[in-house]
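A.B. asks: Assembly of the complex is requested from the two constituent chains, each provided in isolation within its own frame, with the hints serving as guidance.
Chains as they are written, first to last, in the numbering used here: chain S, 920 to 1346; chain U, 5 to 360.
Just so you know, not all the hints are guaranteed correct.
What the hints assert, rightly or not - Covered by chain S, according to a simulated footprint, are these stretches of chain U (three or more residues, beta-carbon under 8 Å):
(1) 146 to 156
(2) 351 to 359
Said to hold, decoys possible - Estimated spans, in silico, between C-beta atoms of each pair:
(3) His1008(S) x Gln22(U): 29 to 39 Å
(4) Ala252(U) x Ser1309(S): 48 to 58 Å
(5) Ser1307(S) x Ala207(U): 49 to 59 Å
Said to hold, decoys possible - Here's a subset of chain U near chain S, in silico, CB distances under 10 Å, partners left out:
(6) Gln55
(7) Thr57
(8) Glu61
(9) Asn65
(10) Pro195
(11) Leu292
(12) Phe311
(13) Val312
(14) Pro313
(15) Pro314
(16) Gly315
(17) Thr316
(18) Gly347
Think of the hints as simulated: they come from the structure by calculation, not from any bench.
For glycine and all other residues, C-beta sits at the position ideal for the given N, C-alpha and C.
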Amino acid sequence: MRFHPEKFSRRRFLAGLAAGALARGQQPQPAILPAPQSSGIDHVVLVMMENRSFDHLLGWLPDRLPGVNGRQEGLSYSDFTGLLHPTHHLTDFQGCAFQDPDHSYEGARIEYDNGKCDGWLRANDLFSIGYYRQQDLAFFGAAAPGWTVCDNYFAAIMAETFPNRFYQHAAQTDRIHNTTAISVLPTIWDRLQAAGLTGRYYFGDVPFTALWGAKHLDISRPFAEFLVDCAAGSLAQVSFIDPRFEDEPSGTSNDDHPHADIRNGEAFLNRIYRAVTGGPHWPRTLLIVNFDEWGGFYDHVPPPVAPIPLADQLAGNQDGRLGFRTPAMLISPWSRRGYVSHIQFDHTSVLKFIEWRWSLPPLTVRDATVNNLAYALDFSQPVLSAPSYSVPPGPFGGVCLSALPAAVESEWGTLQGLARGLGFPLL
Amino acid sequence: MRNKLSLLWLLAMPTVAQQPPIRHVFTIVLENKSFDETFGPNSPAPYLSRQLTAQGELLTNYYAIGHNSLDNYIALVSGQAPNIATQSDCQVYLDFIPGALLQVDINGQVLGQGCVFPAGVQTIANQFAARQLSWRAYMEDMSSNCLHPALNTLDQTQTAKVGDQYAARHNPFVYFHSIIDTPSCAAGDVPLAQLPGDLSQYATTPNYVFITPNLCHDGHDSPCVNGEPGGLVSADAFLRQWVPQILASPAYQSDGLLLIVFDEAEFGASNTDTTACCNELPGPNSPLPGITGPGGGRVGAVVLSPFVPPGTVAATPYNHYSLLRTIEDIFGLDHLGFAAQPGLKSFGLDVFLSIP
Chain S
920 MRFHPEKFSR RRFLAGLAAG ALARGQQPQP AILPAPQSSG IDHVVLVMME
970 NRSFDHLLGW LPDRLPGVNG RQEGLSYSDF TGLLHPTHHL TDFQGCAFQD
1020 PDHSYEGARI EYDNGKCDGW LRANDLFSIG YYRQQDLAFF GAAAPGWTVC
1070 DNYFAAIMAE TFPNRFYQHA AQTDRIHNTT AISVLPTIWD RLQAAGLTGR
1120 YYFGDVPFTA LWGAKHLDIS RPFAEFLVDC AAGSLAQVSF IDPRFEDEPS
1170 GTSNDDHPHA DIRNGEAFLN RIYRAVTGGP HWPRTLLIVN FDEWGGFYDH
1220 VPPPVAPIPL ADQLAGNQDG RLGFRTPAML ISPWSRRGYV SHIQFDHTSV
1270 LKFIEWRWSL PPLTVRDATV NNLAYALDFS QPVLSAPSYS VPPGPFGGVC
1320 LSALPAAVES EWGTLQGLAR GLGFPLL
Chain U
5 MRNKLSLLWL LAMPTVAQQP PIRHVFTIVL ENKSFDETFG PNSPAPYLSR
55 QLTAQGELLT NYYAIGHNSL DNYIALVSGQ APNIATQSDC QVYLDFIPGA
105 LLQVDINGQV LGQGCVFPAG VQTIANQFAA RQLSWRAYME DMSSNCLHPA
155 LNTLDQTQTA KVGDQYAARH NPFVYFHSII DTPSCAAGDV PLAQLPGDLS
205 QYATTPNYVF ITPNLCHDGH DSPCVNGEPG GLVSADAFLR QWVPQILASP
255 AYQSDGLLLI VFDEAEFGAS NTDTTACCNE LPGPNSPLPG ITGPGGGRVG
305 AVVLSPFVPP GTVAATPYNH YSLLRTIEDI FGLDHLGFAA QPGLKSFGLD
355 VFLSIP
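One chain only, chain U, in its complex shape (with noise of 0.2 Å):
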């Protein structure tokens, strides 16, 4: 949602983010890992910290922007900031309970607190079907589309269950009234196994792409319900049966750009990090995005894309904000909540190889 200062801010620069032509992205999320785990030498995920980076290329200063979970999923579907609820990660499905009136802060920031956010807040999804523009969220271990607990009751997918390890709180698009209270829920946020046949041709891969493995493969629990490793061991064999079928589709093969990032870093007893970057400011709900720092710690990313020089590294500071605005940026769609703030920058020809 642009506002005044952010629109001042664009008339005062000499030129606006340009992107390589890309019509089809493609996001998957992992769970709670530092940076230094995922990509240090001992990393427990070789195909994603050797092979892809090998393909790809590596945002070393990419950062999540805050604690728990569900306010960096949140926040990279819609730029909207962390509050208390969302931090402790809706362990009640809280319909939101806005301020005084509903009021917008001067960043786009809804006031309040609570989890299913009021249908004025929009979400990249919106905006997308807005332009005709396709999107589908594709979830492992969803029983049925949009599968989400009944407003101001408690979730019951906060820990696995055998045979379903499916967790509503890392399915940002059922946090947002203006998402589930449409039909466009149903037929957007849908289970896994429909992806391949969607990936088969290019005219029915959508446009915008979200992937959320399990609670297992997300590499958030370890061991797992079922037996498996979990962990990054489990994450990574994940990718390894998910990304070749992605890189081998016509979508991405013509225009895709793939990206594979981490919600948060460790936020624990020890290797906790909740630093942040790019100017990281709180939203007006909590004061402290990263619950006891300022974000969600460095994570790093994976950037794929015929448009992206393999084996190539980019050390310039992200966060899932400018995640966000690099996919608006993309299709030409105005910044949500912190994804317009001035400054904040989307990927540019030190990620992308040229642009036109």
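With the rest of the complex left out, here is chain S (with noise of 0.2 Å):
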């Protein structure tokens, strides 16, 4: 029985008609859900890109979409001597003559510098306050116009790759920085298992579940089987997906970390796209496109506070900040078209979707209190058309040669060794 209140459906109309923003006359209505099992949604896809964040790669969407919260042009940020510096439009898809900005809890409490979001310059160099525009993005800049893009999402923890992916996947981290110590904290996979629910994690190159040692060995495939689950109409209930990390240190990994080729996340992610849109679940179906944190790129919306789990508490989160937003995109019979969605979500609110879903028990504080992705979404009536985007496959790009030594990320070579002894299959 699909929800449809007749009321309710012909403000979305409207809103539909406004192509994203809200008129006046059009006011958010209070929040209504319906019954889970009714929302028409069976299947969720994740996939969880690298270190960018909303200003630097979305910042362009209110020209295309009006009302979204996004600025390129026009801010400037001072560095170490007082000198005021522009932001700027990169000119090339790698950034290999820069470096790397900084993503670590501590150099981003440089970078909020107390809220005032702009100590960019006294973190990093003038790579970070760089940004990309529509023409630069094959997918995003064709896709994010036409979806439903969260403008106040933000990373789920002020901090680098590995505590926001703990986050991703448990609602909670047990550590401040990238390291490869075994974790044992309880999982969305954990909960979908206990449920006797289906759930698959598909890696790149290094999966980031062998962080729980074997546990999660037996739902965890290479990305090649997502691609053939997808035509054969064989999703699990939850699938998370991650591109290649290995190849971050060179530039030619394709998770859109520095200095990786930004075309090669584009082809990426329109892969995912059409696999979705063209399988046989595809209207029932919601594919989430998010980054785990900001990257170091400069964002203007200062992150907020959330309850601070214990074990991030025993890890050293002292004041539970949220990371700098990153891009998040909602596509499905069931978002809106050309809409944006400027409720308050980070990494928890797609756990705390799952949980709505099939009734599950949170995780965490975090994933308890925190805002539902479905407060975005639309769930009167499904549109099943999904635009054929034309984005060159690549590969793009190649080693950095005068890219710095990275000891960032080094983990994941780490990592992969230790999923090769596991057993994980790996190529």
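C.D. replies: Here is the structure:
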């Protein structure tokens, strides 16, 4: 039985006409969700990319989708000497001449500067205040103005990759840096298994789930299997997909982590998009595209704080500050088209959605108390059309000879070795 | 009251705080409990701490601004900071004694000491009336409208009596000449018994509703003079009786916001909490708003509204001045007193689900 109150859908139609901008007279409606089993969504697919902030990657979107809170031109930030530098349009897709911006727990707080969000050039070089425009992004440039974008979506923790990816799987983190100690944090995969539901984690070249040892070996598969499962109509209820991480230091990964060529990330996302929208499960699928954290790239919105789970407290997360905004897009027959949601979300909102849909208990105080991603969707009437985008497949770019040696994310190599030893199906 | 500095700050900010289309704000003020007592695992108030938080949002870093009671109530409705008299709960209902002249400082604070603020000092009630919006303060056990001591006499309502547990010091509106000197006080400051009738229809529900339980049901006394247990047990029972009526009212269901706050945290021999948040500043008339510290301690608050998703938590720091500012932002009013402090946040997308 579809959730379809008359009053509700009329407003949605009007909202659609306004192409995402809430005009005068269109007020935000009180929060109503359908019964989860009647939501029309049976498959959640999440792909989490790496290290780009909202303003940096999608700050051009207000030109195409009125009402999006994005800023590119016209901002300037001071360096150590007090000299102001303006934000600038990046002219190449890798940034090999620059340093990978600081996205650590500590560096972030220099960038955050007690809420002023102006410390970018006191932690980084000019790369961090560069941005890409619509024409640079073959996938996002076409897709973002056409689906639902969240412009108040924050990284779960103001820290680097591993802490945020722990949040993605577990709604908390037991470390605030990228380390390869085995974790015992309960995960969404545990919740799904306990309820007799199916989950799959698809990895590129390094399975993040190896950080739980062999516990999630059985649900961890190479990315190629996702494409097969999608086409065959054998998707699990929940699927997480990760890009390739291991080549980050050389700039030839496809995860968008500097100094990767971002065109490879665009191609990777388009492959997933085509697989999901072209497969038999599409009418009942929610595809979420997000980024683990802001990568040290500028964003003008000060992140809020959230309750601090016990594991975080023990790990040294002292202030519960969320990370800067990251791009997040919701692609589904149940997504409004050309729409921006200002609802405050973070990585645990995805977990909240899964738990709501399948009546699972929360993992921590974070997913228990966060806004449910479902509030950004429209459950009144599915729209099945999904445009095809012209995205060159690549591969693009090459090894960054000039890039400074990356101590950051070398943990991927260690993790890959660990995973191989545990028997993960690595190629 | 806007002042030059805050106006300059507003010009510098790229956006002004926006709020969802709320048209009815209900505030219930309870007494003297710190956050951990009320919302901790052994809370004697399960309806508030478990049920209502599951229906709405818990603000874990909501702070009171001073000690003892009265200065917090005054801050909630006027943005005026504590002075020596209001910090001691105005045992004598003293008319305000200004400094050399009736001066107002850069934060809109009136200089002087006393209880009944001069006619030039505005409250949220005055702001609503000026915009043809309605307000009512509902006082449990108050035997006649706008009941207060005669000026400069002893306040006989400091302790509860059997059959009358009304406390003037928990009725902030009678501490302002801008209200008690006008007919709006008798019309707006009424016994709690009037609330059910007012809630029954959208048109009769005031835009601004302030609810003060008696000294027993606000959690202040324990045990109560009439034998009830008091404390959080009786406060929880009060909420169980009244909150469902508010939540079922047409005004709340259409466009309502219900706020449940505590005036101050514990202040006594043990368990004293005089912490502050949000860069709280002392006013000109008392150096430490919390008497022995900068603030009134962490009390927490519960927010319920059709515009607030259930079971959520906001850890953003807020205090009584932020609450006043939020209500003023909802109705497009100027910010009074310390509600106008530069950098003070009102509730945003960390609390409300969506805002135009």
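A.B. asks: Look at each hint and say if it fits the structure.
C.D. replies: Now the hints, each set against the structure:
1. Residues of the region 146 to 156 of chain U lying with their CB closer than 8 Å to a CB of chain S number 0, which falls below the three-residue condition for coverage.
2. Coverage of the region 351 to 359 of chain U by chain S holds [criterion: at least 3 residues with CB-CB distance below 8 Å; count 5].
3. Judged by the Cβ atoms, the range 29 to 39 Å given for histidine 1008(S) and glutamine 22(U) holds: they are separated by roughly 30 Å.
4. A C-beta distance of roughly 55 Å is found between alanine 252(U) and serine 1309(S), which places it inside the suggested range of 48 to 58 Å.
5. Judged by the Cβ atoms, the range 49 to 59 Å given for serine 1307(S) and alanine 207(U) holds: they are separated by roughly 54 Å.
6. Against a cut-off of 10 Å between C-beta atoms, the interface hint on glutamine 55(U) is violated, since the closest Cβ of chain S lies about 15 Å away.
7. This hint holds: threonine 57(U) has a C-beta 9 Å from the nearest C-beta of chain S, less than the 10 Å allowed.
8. Given hint, glutamate 61(U) at the interface with chain S, holds; its Cβ is 8 Å from that chain's nearest Cβ, closer than 10 Å.
9. Interface hint at asparagine 65(U): satisfied, since its Cβ lies 8 Å from the closest Cβ of chain S, which is below the 10 Å cut-off.
10. Using the Cβ-Cβ criterion of 10 Å, the hint placing proline 195(U) at the interface with chain S is not satisfied: the shortest such distance is roughly 31 Å.
11. The beta carbon of leucine 292(U) comes no nearer than 24 Å to any beta carbon in chain S, farther than 10 Å, and the hint placing it at the interface is violated.
12. Taking 10 Å as the C-beta contact cut-off toward chain S, the hint placing phenylalanine 311(U) at the interface holds, the least distance being around 6 Å.
13. Nearest Cβ of chain S to the Cβ of valine 312(U): about 8 Å, under the 10 Å cut. The hint holds.
14. Given the 10 Å rule on beta carbons, the hint for proline 313(U) holds: about 5 Å separates it from the nearest Cβ of chain S.
15. At its closest, the beta carbon of proline 314(U) sits 8 Å from a beta carbon of chain S; the interface hint therefore holds under the 10 Å criterion.
16. At a threshold of 10 Å, the smallest CB-CB gap from glycine 315(U) to chain S is about 6 Å, leaving the interface hint in force.
17. Residue-level restraint check for threonine 316(U) holds (minimum Cβ-Cβ distance to chain S is 5 Å; threshold 10 Å).
18. Restraint check, glycine 347(U) versus chain S: the minimum CB separation of about 9 Å is within 10 Å; hint holds.
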